[in-house]
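Asks: Now for the letters of each chain:
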Amino acid sequence: MSNEKSEVWVTGIGMVSSLGEGLDTHWDQLTTGKSPVPAVDTEDQAPYLVHPIVDFDISTQIPKRSDQRQMGQWQHLGTYAAGLALDDAGIAHNEELLAATNMIVAAGGGERDLDVDTAIMESLSESDDPGPLLNSSLMGELRPTLFLAQLSNLMAGNISIVHGVTDSSRTFMGEEMAGVSAIQTAAAQIQNNQGSVFLVGGAYVAERADMMMLMEFGHALWHGDYESVWARENTDGGMIMGSAGVFLVLESREHAEARGVKPYARINTVVADRCNRQPGAAARVAENLLEEIADQLPQGPLPVLSGCSGVQPQLTEEHEFLKGLSARGIEPAIRGVTTVLGSTLEAQFPVNVALASLAISRGAFFDPFDDTGVEQEFSGSPDRILISNWGHWRGESLALVDSPDVQLRGKD
Amino acid sequence: MNSSFKDHMGRPIVVVTGVGLITSLGEGKEDNWRSLTSGLSGVRKISRFSTEGLRTQIAGIIDCEVGEHYFPPTHSLALARKTATEAIEQSGIGSRGSFPGPLFLAVSPAETNWDQRMDVYSGSAGADSQGYDRLLKNVAAGDFAHYYSLYQFGSIAEHLADEFGTRGVPISLTTACASGATSIQLGVDAIRRGDTDAALCVGTDGQICEEMVVRFTLLSALSTQNDDPQGASKPFSKARDGFVMAEGSATLVLESYESATARGAEILGVVRGTGERADTFHRTRSKPDGSAIIETITRSMADAGLSPGEIDYINAHGTSTPENDKMEYLALSEALGTHLEGTPISSNKSMIGHTLSAAGAIEAAISLLTIQAGVIPPTINCHEQDPNILMDVVPNIKREQAVNTVMSNSFGFGGQNVCLIFSAEPA
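Taken in sequence, the protein lines are chains A and B. Our numbering numbers the first residue of the first sequence as 1 and each following residue consecutively. Our numbering numbers the first residue of the second sequence as 1 and each following residue consecutively.
Watch out, some of these pointers could steer you wrong.
Stated by the list, open to error - Here are the simulated DSSO-like pairs of lysine-lysine, each with C-alpha atoms no more than 27 Å apart in a straight line:
| id | chain 1 | residue 1 | chain 2 | residue 2 |
| --- | --- | --- | --- | --- |
| 1 | A | Lys5 | B | Lys6 |
| 2 | A | Lys5 | A | Lys262 |
| 3 | B | Lys326 | B | Lys238 |
| 4 | B | Lys287 | A | Lys64 |
| 5 | B | Lys238 | B | Lys398 |
Keep in mind the hints are simulated off the structure, nothing from the lab.
Next up, chain B with everything else stripped away, as it sits in the complex (with noise of 0.2 Å):
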């Protein structure tokens, strides 16, 4: 292999051929990304369940996929389909319905949703029974076949591999808000070691029901600015109050350089290096020296072969809950030092809420953009900025600024992190 398609490390250099992206601010990478610079906000009133009663009544949801009926794996695959073809077509790899790689799919554990629940409990076969034993006399007695093929944990990755031709048995993985990271990391891990030439790696989320608003509810997650949908999500502002969720999916087409090279791809960034360190302290919350984190952070430094000084830009975590955004302002200061004041930093969830199991993927496409166009999206909603986070996050205007190097952050419940850094094509 010639040493120009190897990094650092001597190992393949990875590549990004193309980008998939659908969000609450619209369908495609242009849509997107007009959105993205104009500062709009993508979150609403929820409107496709009754939210009479619930605390939070706001989220960046995408309705326009959804049929007459919400069934939520049929969404987030809906979501994940779109977003595949869009980077497949970009990346002109292989032929329809024939991807030649695996796929790697961050997803939210398939489960039940209320509305299927009560459309299996509403049989007659079970009608003297209560409860589980009611819903399992009904399935035993009818034709639930479509909800078999749906509601297995591997469901959407083998829709999809059926229909995109990827190679191999499917990965559903899931390491929570850092999953769409981690479904890059594992095909950046594939490639460096030869299994591959080529990963389809996605992330989809299309999960927001009554039941996922309850749960994050109930553990003080989410933003109750219910009367001002689009000013809710405020990543690093003074008045803060949790997190928005969304919807979403992206889609990044990964390549060695050299067979992206060899079939003359475009090239749209390089995919530098992957950080991660599990956390032992609290299931939702990180280790209070940040510890864990600044190890993510220093180790996809040290994997891109990259110093603190050499990051130009960082797309934020920025989940605009009070903890996060405090710890990772506190880790970056750690893991960047002085630097850390020179690099601007924002957050797309500003804009388009959080996508959880999708986030690390749609911010890992938005960074690609952002080194495409030279632009840096702002953090909208930032009008009086947390006293004690003291970074440019870029508030809530663009900035027009060379970008050739972004680092972007996933951070989970579990102790889950990862941290990617893109850049530019190789010179």
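Isolated chain A (complex conformation) (with noise of 0.2 Å):
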């Protein structure tokens, strides 16, 4: 086996959020010279605010109808965006190519049907006898194919029946920490020889009551108007969450060169490592991966991009550890995705290495996302990118997206 390290190239993106669809998209509106307008939601989840996912046509990506009624939402959305990836990698249709594509989904939770959900609470609160009744209205409401539309790993499946891909498939679960392994994880593969392409990414739809309880569970959510990420930092802080899809096709170099594909960018490195949460100890998990990554790091100016949820006490620690950085001789250009686009959970690792290889392939980075002077201003070709990536309740990571030297895919 070589020893010799395949570097990973970014050669595929499929994304559709919030803000629309595709990088041209975002692209638009996230360098428009001021602030941009995030979509907010006020009365879907009230009285909590969402970052919608824009409409999208499904059946473009997910032709029969019979494939549709499978699934619910949450699995259209990353069937969806998988296939934007596939197509913008070239692979897509390509038996040999999608026979030899693995996969990495970060998933969380299928559908369920709330208002069967809802009878069924209402019928039980009032019953004596409540087990019989959970049972019979069980058996007689719930449908077999929301049990598949509900399973973790029936996106994965999904995007194996609809676009072909059949070499080996996994499904990682952990919210944040999951996109993170999941690319982490098929980078690793990558250097190593464990395989030459993968498809990784995943979906989060805001708009479930469902999951906004598991949130809400631990008072993570943000309560009251829409205030930029940073712009929470006084307060008790929380989580607004927010709709997306992200698939990323990640290639080794030798791989994209034998078919001609340039890439958006290089996953240089990702660090992540997890602790209790006792404070304070979240920032120290992130010094110590600074700590790993720090030769990579430049001196003067560099763009990051930050996960930050929202919950305290991690917001502002990690706003801390971010400032930290020019003690290091590093000009943090910082910009809280969160505040464009809302929490995304498993999705907000994906959704952070598209955004940063979308910029290094344009060759400019995004205007500050808010006017609390968190954000600084950068201005040039930013030749690598930081992203903060931290779980709302566990785990940490960085991670480093740079420029490899070979003619990027620009805006073609």
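Dock chain one against chain two, each of which comes alone in its own frame, and use the hints as you go.
Replies: Below is the structure:
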């Protein structure tokens, strides 16, 4: 086995979010010269705000109605974004390549039928003998397809069925860190000749009360009017959830060059660890991670994409950590991605890698996302971007996306 | 590195130095092995919740770890904790609370159970509302930190990582009924690429509740043989009518052969090869020609550097559904050809039931015990074998036979197929 580590190139990106569909749309909205205007829905999950998914035409990526019917919105979104990424990488419909494409999906849970849940809760609360009533209600109300739409690994299953990706197929769970581990694992496999092409990503649908409940168990949601993530710093904090589906095609440099494909960017490093989140612990983990990649960091201006969730005290800890980069001679130009897209959980790290790759390939960085003064201008062409991606509950990670010394895919 | 520590492809050899096991048959390896070789069944009537009105009322359920109120993530965590403790103790690796490698956890997706949902619903803050509005108002007004820490999709792995001191971010994974095998694959991959010398691979599933039973019932996947629970799981038999849900956990401590040897650890077996091929045919069924399963099996043999004639025994996926057992036979006869005829195959699920997310890990653990003991656990409840399944399924009674190499199959909904090959310690 060769000890020479392969470079990991980003050769395909599929992205749908509350801002729109596709790289051009995101680029245009995030480089207007002033703070972007996020899409915020105040009604759907009131009193909570969400960044709602834009309309997308599933029939363009999931043509068979029989397939469409087997999925709910979450699987639609992921399967759709995966199709965009495969198209973008020039892999779609190429059976030979698809059969050699590995997949790691970062997943939460699929759909529940909230109307059924609501009816059952109401009847159970009035019943003296809830056990048999629950059984008969479930037997009468649940649909077999709903279970399949619920299973976390069925996003991957649907991607195999609809798009024909058939090498290895793994589904990672665990909120933000599932997205980090998915990309970190795929990169490690590519670097060590355990696969040349990977489809990696995930999706999150914010407009779901059952998922909101999981977050509110920890009082982790933002209450009140919209504020940018940094503007929540002097408060109790909280997340505004956002919908997004993002998939990346990651490919070894050799494989991409052999088929004549140019990269958006290169994944240089992903480092991650965890702690029990005692006060200050997450910052210490991040400092150690930073030490691991310190030799890759420049002096002077450095663009930084943060997936900061807005949950306290991590919000303050992460901001302090990023400000502390200046002690190493780094001038961070921070962008709080959740300000414009919301917290997208499993999709958060794929979102950040997609945006970093986009900026590298376009030769410019995004305009500041808010006017709190936290985010500094960055002029010039970024040759590397630091990603800081911490979980709302657990896990801290850093990553460097940079430019390989080849011609990049530009605005073509 | 000494070349004897590398496999036929120049990769670090991966060995198993610790195994932990809990199933409906008992707690720990010894209890389980005694029952498995005695041909006992762990399937029983469900008493955890009312089964009135359910078509299936039996399961390989584990009630001994349940406290006053059944709480799915706590139960899955308790099962995993038992087997991880057993495996790490056997392995002697690391120190208490400090396992020198990552955690790969095969686990069911987190889901709020109806008891907990109704517990939240009963609060007063949202009494003027209905449905999820009511739940959310009650949650916002109350203290549910405990639920928060257990109902995240990464919760169980995070709690295990805290307790066992595994390194880095734990990976929670699901590939449906292949999950346990996938957790081992990920550990093997990590050791082979030199990321780590050791990995803790855990499968756990303690999630039998009303809604799970109903869901599988609606897919017509479960046996309804309620009057004879112990006879209900009958893989490869003519009368098989579905699988029996079960709970359980298994843990394997994986290590590089080199580091295990260096610390003088007892080696229980080698993970010789892994294979995988996703199916594109259907969400719950394999391609009719079995091609994805066939390739999964042939890829595992190629990865292991073994030919069909070198497989001594097959630990079947063997769920006892009409579809699975037929397809598994079809695929094996293609992949192994004439060698299948002389190769015994048996299904642990005939005794344990189908432990879903944990099954691949549990069957890997039993495969290693089989190699160590030179005894093949039987396929019980095989009184009239399906005449279209022409395999030696080791019916009803264990068989004493030296086993050097075991193939273990796992197939899951969503077109997930994984095959693992284990062998005795390298000579």
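Asks: Evaluate each hint against the coordinates.
Replies: Status of each hint after checking the structure:
With a C-alpha separation of about 19 Å, the suggested pair Lys5(A) and Lys6(B) falls inside the 27 Å cut-off, and the hint holds. A C-alpha spacing of about 19 Å is found between Lys5(A) and Lys262(A), which places the hinted pair at or below 27 Å, so the restraint holds. In summary, the hint linking Lys326(B) to Lys238(B) is supported, as the alpha carbons are separated by about 11 Å, within the 27 Å threshold. At most 27 Å may separate the alpha-carbon atoms for a hinted pair to count; Lys287(B) and Lys64(A) meet this at roughly 18 Å.
For the hint pairing Lys238(B) with Lys398(B), the CA-to-CA distance comes to about 20 Å; that is within 27 Å, so the pair holds.
Comparing the model with each numbered hint stated earlier shows that all of them hold.
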